[in-house]
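Asks: Using the hints, position chains B, C and D against chain A.
Spelled out, the chains give:
Protein chains: 4
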Amino acid sequence: MSSNSFGKLFTVTTFGESHGPAIGCVIDGCPPGLAIEEGDFRADLDRRATGKSRHTSQRREADEVEILSGVYEGKTTGTPIALLIRNTDQRSKDYGEITQTFRPGHADYTYWQKYGIRDPRGGGRSSARETTMRVAAAVIAKKWLAERHGVTVRGYLAQLGDIAPEGFDWDAVEQNPFFWPHAEQVPALEKAMDALRKSGDSVGARVNVVAENVPPGWGEPIYGKLDGDLAAALMSINAVKGVEIGDGFGAITQRGSQHRDEMHLDGFASNHAGGILGGISTGQPVVASMALKPTSSILIPGHSVNLAGEAVDVVTKGRHDPCVGIRATPIAEAMMALVLIDHALRHRAQCGDVGVMQPRLP
Amino acid sequence: MSSNSFGKLFTVTTFGESHGPAIGCVIDGCPPGLAIEEGDFRADLDRRATGKSRHTSQRREADEVEILSGVYEGKTTGTPIALLIRNTDQRSKDYGEITQTFRPGHADYTYWQKYGIRDPRGGGRSSARETTMRVAAAVIAKKWLAERHGVTVRGYLAQLGDIAPEGFDWDAVEQNPFFWPHAEQVPALEKAMDALRKSGDSVGARVNVVAENVPPGWGEPIYGKLDGDLAAALMSINAVKGVEIGDGFGAITQRGSQHRDEMHLDGFASNHAGGILGGISTGQPVVASMALKPTSSILIPGHSVNLAGEAVDVVTKGRHDPCVGIRATPIAEAMMALVLIDHALRHRAQCGDVGVMQPRLP
Amino acid sequence: MSSNSFGKLFTVTTFGESHGPAIGCVIDGCPPGLAIEEGDFRADLDRRATGKSRHTSQRREADEVEILSGVYEGKTTGTPIALLIRNTDQRSKDYGEITQTFRPGHADYTYWQKYGIRDPRGGGRSSARETTMRVAAAVIAKKWLAERHGVTVRGYLAQLGDIAPEGFDWDAVEQNPFFWPHAEQVPALEKAMDALRKSGDSVGARVNVVAENVPPGWGEPIYGKLDGDLAAALMSINAVKGVEIGDGFGAITQRGSQHRDEMHLDGFASNHAGGILGGISTGQPVVASMALKPTSSILIPGHSVNLAGEAVDVVTKGRHDPCVGIRATPIAEAMMALVLIDHALRHRAQCGDVGVMQPRLP
Amino acid sequence: MSSNSFGKLFTVTTFGESHGPAIGCVIDGCPPGLAIEEGDFRADLDRRATGKSRHTSQRREADEVEILSGVYEGKTTGTPIALLIRNTDQRSKDYGEITQTFRPGHADYTYWQKYGIRDPRGGGRSSARETTMRVAAAVIAKKWLAERHGVTVRGYLAQLGDIAPEGFDWDAVEQNPFFWPHAEQVPALEKAMDALRKSGDSVGARVNVVAENVPPGWGEPIYGKLDGDLAAALMSINAVKGVEIGDGFGAITQRGSQHRDEMHLDGFASNHAGGILGGISTGQPVVASMALKPTSSILIPGHSVNLAGEAVDVVTKGRHDPCVGIRATPIAEAMMALVLIDHALRHRAQCGDVGVMQPRLP
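Residue numbers (the numbering used here), protein chains in the order written: chain A, 14 to 375; chain B, 14 to 375; chain C, 14 to 375; chain D, 14 to 375.
Hints may be right or wrong, so weigh each one.
[Claimed, not checked] Under the rule of at most 30 angstroms between Cα atoms (straight-line distance), these lysine-lysine pairs were calculated in the BS3-like manner:
id	chain 1	residue 1	chain 2	residue 2
1	D	K330	D	K204
2	C	K156	C	K88
3	A	K88	D	K330
4	B	K156	B	K88
5	B	K330	C	K330
6	C	K88	B	K88
7	A	K330	D	K204
[Unchecked claim] Anything over 10 angstroms on all C-beta distances counts as not near chain B; from chain A, calculated:
id	residue
8	P34
9	E51
10	G87
11	T112
12	V152
13	W183
14	Q188
15	E203
16	D240
17	G263
18	G296
19	G315
20	E323
Source of the hints: derived by calculation from the structure; they are not laboratory data. For glycine and all other residues, C-beta sits at the position ideal for the given N, C-alpha and C.
So here's chain A without its partners, still in its complex pose (with noise of 0.2 angstroms):
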């Protein structure tokens, strides 16, 4: 079963183990004569990696992709794109002491309960490494989706325990370590992280992941919405606990006078359906949030089981990442990119290049 393979026609399957000896995918259905070359996938990659500041788990990796098929002369050739990525930082002997152990809150146990294997490398399969390689899918994903439709994706931090943003601007995201949309409060974010390392313990976190310039028409009811689709896409991001399209759980509570965005012949008035109804597109940004938990992978011990079936205190050693959702926000755009183009090559196979051309709201 394809379970390790996102998307119909835009397909991306991954493989690897954290501490295995590499990492890498394979994307199938890209459209040929794209310009990619190895060099298009630092940036992002940088965004991603663990260990860009303090903050975040300590684990340094070249992450050098390997192009290994697809691309011949700088161009997507249509044949799959392979990226391969070696495990150069492994450091298995962190694990070593609980490989006979379950972490509380960590997938450990459900993978043996699942596979009966038990695959303590760096947490195997299961580890936030993994979507190392969706990143570098979206790479061409979004490429793609800018040059043929204008559309761009973007997320941010939208909150960090209790803490929210006092203010918004895009500028100020990429210019601290956090993807923080208010760079007057970064210090407090410092110190609060600062302190949540010392006390050994963890955080959760909101990510608000906005595409825009994407055309009506994209999305396909009943099972394949678009919103549908973000929804998986998002919730199979490690340690993703919640989505909301628009105004979200905001909805409960509003009156349909409320919610409902009005047109006007200058275009909608608002956007609580967060550019999608029905399931498709309406031309207004799509707009997307998702809650993280705290890692479990904490310094304070917890109860829990062994293999042998005893009572046993844990805890995580090795590296420390006290708020996993900081690094989640170029994952989140990630896989935003990743359900649009495959709703583009969705939508012009059943609808035709062009889509169906009608007078559209500005």
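Replies: Only chains B, C and D this time, still in chain A's reference frame:
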């Protein structure tokens, strides 16, 4: 593109427009030998049925399910099961007036942008009428899940606008038209709904759904996670704008030491995870929640545009359902059941009929 | 598992047993705006219909197609198109006697081994009755292929037992009940069939199918090749035991210097390849051929076993179709058309509406 | 579109160009706990390897398989298994001259028409080099099939041009470079091949493949039939132009009374069906045959056109493989094995681990 199909191994394909001649579905991959008869569909279809009380839309359907194939002498044969319901109450005239305009907040506009077709028949394919077949298909899924694994799936209304339950009792849920878990509040809900109807407006809601006795090991990393598939399934329900698993957005402000579910020899100490870790079931109850927006079909005029590109005011005449969230409860149960049976079959495909029999926490 | 669905983007799901209440299909992914009405199905269903002459099984169907969804005011809407045909001529009594036995060479035995169910209703799902819906679905596919690309798909009977055509004329094919391309031989075929019927035996056949005006570039390497999909499509037809593309098995004894189709500025010098190279269409006619076995439903007693595990002799009473290959001709056309429309949509998904416009050989 | 993936539940995705940096595959859905090590791939890769004798193309590969993921301590973990082979013998210069022309009978032309890209690296993706990964993936499939079900899959060369076997002995097959089942003919084959090489031409071939101990019940009607999937699998092999199951095209001239396989209490009296009825295995050996065309890469000049639209004569320099059918034998075995393991998993998904245990014919 099979965008009207749900599930990889227990595959449900639905068809039909709200006011077309019929709606139906085809279920492919159902295990053979399961006892099914037309009477089995009655109870859940009645629970979902509009018009079950004065608090939901007044459309009254016979909703008689005809089994067209896949069942012989009362048992599933392993071949496709087709179910058909004739639309007996079409009343298309209700919609005649708005065939040239777009209702703000409704899928009219996006369907027209995507397909270039304006099918006004009761919202056509985008109507909640389609969910009738999800409930019908889930009757079969629930029966197999219960008989083979003892799995039960139950839902309830967890918020109506700004009214939240002040107590919880599963027995109460089926004894009021709101699927509300606290009987004492029912008169207040009646009052609130009457006021809402009088105002011609609508309100949002929250529905929770819980599956019990789900064995550990169901769910497939990375892009076929149980929570990822649940998120897509619930988000595909009309009007849903947000989905949570376990503590959901509440996890943002939690610490890792609070959120992680510690394990003892007599079981888990808590269920913040909602029964899923790393995309795989833990053996605890699977808990999900969803937010429904207030319907855009209200009696209060709204600004919009028409096919001629003119500014217009729109009022949705005809049936008026002030809180679509109420009857979304059985639909949420249905989607949870369809996800679970699909993963039950996917698990035994890869890991065998009994899965990988590990010692399990009680 | 959607094993009753055909096609990745133009997806046809069929359901129904030969002698159940109805057969039908759901077509998902059809481009919007295509003109379709119920009368469009008549011609091809009549061509396929059993009982069109005394040389095929005497079952007489009304085969009235009802369009249940997906078409509004005579045009496809882009939503699923459901087609339904009620079974009016069930005559299950014919089959009553053999419900406890297995007919040698028939799927009775394997369905029972797989599903543990013995559904005797006219062969249940394994009956050629199912192919009626393939022909119906292909009516829509053929119409789109013709209107958008000028593609035509035609088939003929290329061998009946040991009788081969002694001439070829497309015009003759539709003017005799055998789809035979040489009118002068029709009396001889009539005579052979009468003798065969008298003997109570059956004979095999070969059917050829040709698609013209297929543009170059359709087909997806490696596992979605046009010829690979055609092979699966034709092999899925009841009684088919062999499939060839172009010269097929004749290529075994050829030299490379004979087989290769040389290219000149005014086009290809030959078409040994059958219009496909590397799984992708060349722009020449796509040519396929299939072998059909003689049906096992004959009047000559055969040794078999029964459900009680006893040795028995079996005679298939009731309808007797001495050469099922005759009416397989429209079914082969249907499968070719379904493969081509699927690849047309797949090609434009990846490569755009016009494909990659290269200078093409005339 | 995952057109480079094969299999629904045991899914193999291949990537790589003949003369790119590497080829590889990702296997998703493999059951956990299967013992696999890198040495397991050696035997079958050597059997397939080009250059194993002077009668096949002289390219010599190291073909060292590296397992990148999905195996821990010598056992499959249930996560994706990635296999990688570096291309050590690229010799692209061989192909330099023809980068501007199209070889008649080769996929050069169709790939360029589809994708607009001319990737001359040894035929790029269309090269038989890709089949190396099918053989590697099938090593895992064969091991599981043998260990769990005792299934064996074996192939042999059944015709070389107009030379057919004059005797049959499975033991002989692995003792000559032709996979020929009759040792006495080997000198004659050597002579024929030498003459063919001297002539600079090529010839076609027939390969047969047989699977034994396949239990009854594998295969899914209607569009997932075992024979339908086998037909697609074999037709997807480079140069294959025809596929037969059981008697194949021989069934055309048979009578029903000859073709049907009568059943006795001690088993089937014959196997004209090739072990499949109604798309489902009968429990008899599954028998398939395929026709391979003579390769178009020959030393005899041929008329063609070039990218500039000029008439040219083409000679394929470099390696010359006068009968590609010889080394197609292990590839045919591989595709049969991949189809069987996929259906084994699909069967237990729907019908359970032991299937539906019926009394079976010996």
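Asks: Look at each hint and say if it fits the structure.
Replies: To see whether the hints hold, each was checked on the structure:
1. D:K330 x D:K204: holds, 23 angstroms
2. C:K156 x C:K88: Cα-Cα ~12 angstroms, so holds.
3. A:K88 x D:K330: holds, 27 angstroms
4. B:K156 x B:K88: holds, 12 angstroms
5. B:K330 x C:K330: Not satisfied, since the Cα-Cα distance of roughly 61 angstroms exceeds 30 angstroms.
6. C:K88 x B:K88: Given pair C:K88, B:K88 is violated - Cα atoms ~38 angstroms apart, limit 30 angstroms.
7. A:K330 x D:K204: Violated - the C-alpha atoms of D:K204 and A:K330 are around 69 angstroms apart, more than 30 angstroms.
8. P34: holds, 18 angstroms
9. E51: holds, 24 angstroms
10. G87: At about 29 angstroms from chain B, A:G87 clears the 10 angstroms cut-off, so the statement holds.
11. T112: Given a closest Cβ separation of 16 angstroms, the condition holds.
12. V152: holds, 18 angstroms
13. W183: holds, 22 angstroms
14. Q188: holds, 24 angstroms
15. E203: The claim holds: A:E203 sits with its nearest Cβ about 19 angstroms from chain B, beyond 10 angstroms.
16. D240: Contrary to the label, A:D240 does not stay out of reach of chain B, its closest Cβ about 5 angstroms off (not over 10 angstroms).
17. G263: violated, 8 angstroms
18. G296: violated, 7 angstroms
19. G315: violated, 5 angstroms
20. E323: violated, 8 angstroms
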